[in-house]
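A.B. asks: Sequences listed follow chains A and B, in order. According to this note's numbering, the stretch in the first sequence is residues 1 to 251, in order. According to this note's numbering, the stretch in the second sequence is residues 1 to 202, in order.
Hints are computed from structural coordinates only; laboratory data are not their basis. C-beta atoms are modelled at their ideal positions from N, C-alpha and C, and glycine is treated no differently. Be careful, since some hints might not be right.
Using 27 Å as the maximum straight-line C-alpha spacing, the simulated DSS-like pairs for lysine-lysine come out as follows [to be verified]:
1) B:Lys40 <-> A:Lys144
2) B:Lys192 <-> B:Lys158
3) A:Lys125 <-> B:Lys149
4) A:Lys175 <-> A:Lys144
5) B:Lys118 <-> A:Lys144
6) A:Lys126 <-> B:Lys40
Far from chain B by the CB rule (all over 10 Å, computed), these chain A residues [to be verified]:
7) Ser42
8) Asp46
9) His137
10) Ser140
11) His199
12) Asp201
13) Leu204
14) Pro219
15) Thr248
Chain B is nowhere near these chain A residues, computed Cβ spacing over 12 Å in every case [claimed, not checked]:
16) Leu33
17) Glu35
18) Gln59
19) Val69
20) Pro119
21) His134
22) Gln157
23) Lys158
24) Lys191
25) Pro234
26) Glu238
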Amino acid sequence: MNKDALKDLLYKMADDQLILGHRNSEWIGLGPLLEEDIAFASMAQDKMGQSLALYRLLQELGEGEPDMVAFTRPANQFHNSQFVELPIGEYDFSLVRHFLFDTADYYRFEMLMASSYEPLQLLAKKLKGECRYHIMHADSWIKKLGNGSDESIERLQKSLDYSIPYALGIFEESKFENELILEYVFEGEIKLRERWIEHIDAVLSKTQLILPDLAKESPRFGGRYGEHTEHLQPLLDEMGEVIGSDPTADW
Amino acid sequence: MIKEILDPRFQRLDVFKAQHTAPTQALDQLPTYEVFVLLKEDGQYQHEGIVHAPDNEMAFIFAKEQYSRRMTCAGIWTIETPNIFVSDYSENKISIYDSVEASSSHGSENYKIFHMLKRGKQHKYAGTVKANNAEHALQVAKATFDISKPILNVWVAKSSDFYESTEEDKQIWNTLPEKTFREAIDYKGQAKIEEFLKNKKQ
Chain A
1 MNKDALKDLL YKMADDQLIL GHRNSEWIGL GPLLEEDIAF ASMAQDKMGQ SLALYRLLQE
61 LGEGEPDMVA FTRPANQFHN SQFVELPIGE YDFSLVRHFL FDTADYYRFE MLMASSYEPL
121 QLLAKKLKGE CRYHIMHADS WIKKLGNGSD ESIERLQKSL DYSIPYALGI FEESKFENEL
181 ILEYVFEGEI KLRERWIEHI DAVLSKTQLI LPDLAKESPR FGGRYGEHTE HLQPLLDEMG
241 EVIGSDPTAD W
Chain B
1 MIKEILDPRF QRLDVFKAQH TAPTQALDQL PTYEVFVLLK EDGQYQHEGI VHAPDNEMAF
61 IFAKEQYSRR MTCAGIWTIE TPNIFVSDYS ENKISIYDSV EASSSHGSEN YKIFHMLKRG
121 KQHKYAGTVK ANNAEHALQV AKATFDISKP ILNVWVAKSS DFYESTEEDK QIWNTLPEKT
181 FREAIDYKGQ AKIEEFLKNK KQ
């Protein structure tokens, strides 16, 4: 099995979870209603747990200790998609991102349940339930607000239009795409994208929202290769503030 | 007034510069839904609390995180609060069923029956009866269920008013078992404080 290909896959998944987990945790205490605050915070925490599990798989492959890997790399060594590093904005954007990202996440793990790399296959099976809840939560909100008031529909549509190029960036292919597919580690970003489109299209068709013509969009690529927006480094600085001032800090 | 907040989330928000807008009354309070949880596959559903939600499906979504985040769970039912018919309350050893006339003629609609056996304890699901209305359901329940112990209060609600989690939904409770990082106890805070204080004295 090609170890570099495997690491590349694990890094991009782990970094996506870590960064979006941190972003979404920024809503804690500020959510639109208490019940939603609890649910959204809890899902952000799920993402942190998922990133930890993935960094542990990387550690088994010879990479560094999870805390160091998570909190001490500079932005250009992160492989997350640009989508997850964008600021939380208003709740409509955070919800739309949750819907678009977590749908991709759900199907990625579902595909990985058949991975030839056993540790990842087992992890994918364990995470299925969590991810399932995440898309139930997202789908319910999108259907509710996508058929709600003029304001809710307009806000979601605006956030959807803004998000789509970034969301397509999730599916940026790895330079090891062929190896991963040929060794049955992962069926690949193109297959994942197909399943993602099918799901979001089915949900959006039950609302008054319109999915933009994906063929006309230019995806925001680069994240998987360390190219990021201006928003990532300040976030990493904030996340690494404690470990940066005292690497032995314990709490 | 707080002069400085270190939390970077709040610094970004500029909360103190924000114009405070008056709450929009009609939108500020969503209706309440009662949540019943099945902790184990072979147990019985019991009332756990309420959530505010825009509809029954969202109530279920919220209830899942609110009431089944840390424990095992095999199912959740939710129902809008006004859809529950509440019997009178009795005290001591007097059963509420003592003042109900038993009926063996069934109706056409399913009603779920919940019993409270002790003051301060949750209502537990006793079973479903076929009846014409809530009062009739009470009468049928008296003839159907084991009511040898005094029942202090009964909740009755139409089965069709509930949102019930499905067999397929069960996978959402099948999650990573290593969740200790979610628990305050895992951070061993007290031990660290004591160690800190000990070192400070020396």
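A.B. asks: Hints first: check each against the structure and report whether it holds.
C.D. replies: How the hints compare with the structure:
1. B:Lys40 <-> A:Lys144: 31 Å, violated
2. B:Lys192 <-> B:Lys158: 53 Å, violated
3. A:Lys125 <-> B:Lys149: 45 Å, violated
4. A:Lys175 <-> A:Lys144: 39 Å, violated
5. B:Lys118 <-> A:Lys144: Cα-Cα ~39 Å, so violated.
6. A:Lys126 <-> B:Lys40: 19 Å, holds
7. Ser42: 5 Å, violated
8. Asp46: The claim breaks: Asp46 (chain A) does not keep its Cβ more than 10 Å from every Cβ of chain B (closest is about 8 Å).
9. His137: 5 Å, violated
10. Ser140: Violated, since 5 Å does not exceed 10 Å.
11. His199: 16 Å, holds
12. Asp201: It holds; Asp201 (chain A) is separated from chain B by about 21 Å at its closest Cβ, greater than 10 Å.
13. Leu204: The claim stands: Leu204 (chain A) keeps its Cβ more than 10 Å from every Cβ of chain B (closest is about 17 Å).
14. Pro219: 28 Å, holds
15. Thr248: Non-interface label on Thr248 (chain A) holds, nearest chain B Cβ at 14 Å vs cutoff 10 Å.
16. Leu33: Per Cβ check, Leu33 (chain A) is inside 12 Å of chain B; nearest 6 Å; violated.
17. Glu35: Per Cβ check, Glu35 (chain A) is inside 12 Å of chain B; nearest 4 Å; violated.
18. Gln59: Answer for Gln59 (chain A): holds, closest chain B Cβ roughly 15 Å.
19. Val69: Fine: 16 Å to the nearest Cβ keeps Val69 (chain A) off the interface.
20. Pro119: 14 Å, holds
21. His134: Given a closest Cβ separation of 9 Å, the condition is violated.
22. Gln157: 19 Å, holds
23. Lys158: 20 Å, holds
24. Lys191: 22 Å, holds
25. Pro234: Pro234 (chain A) is in fact no farther than 12 Å from some Cβ atom of chain B, at 9 Å.
26. Glu238: 5 Å, violated
The structure fails hints 1, 2, 3, 4, 5, 7, 8, 9, 10, 16, 17, 21, 25, 26 (numbered hints given earlier, in ascending order).
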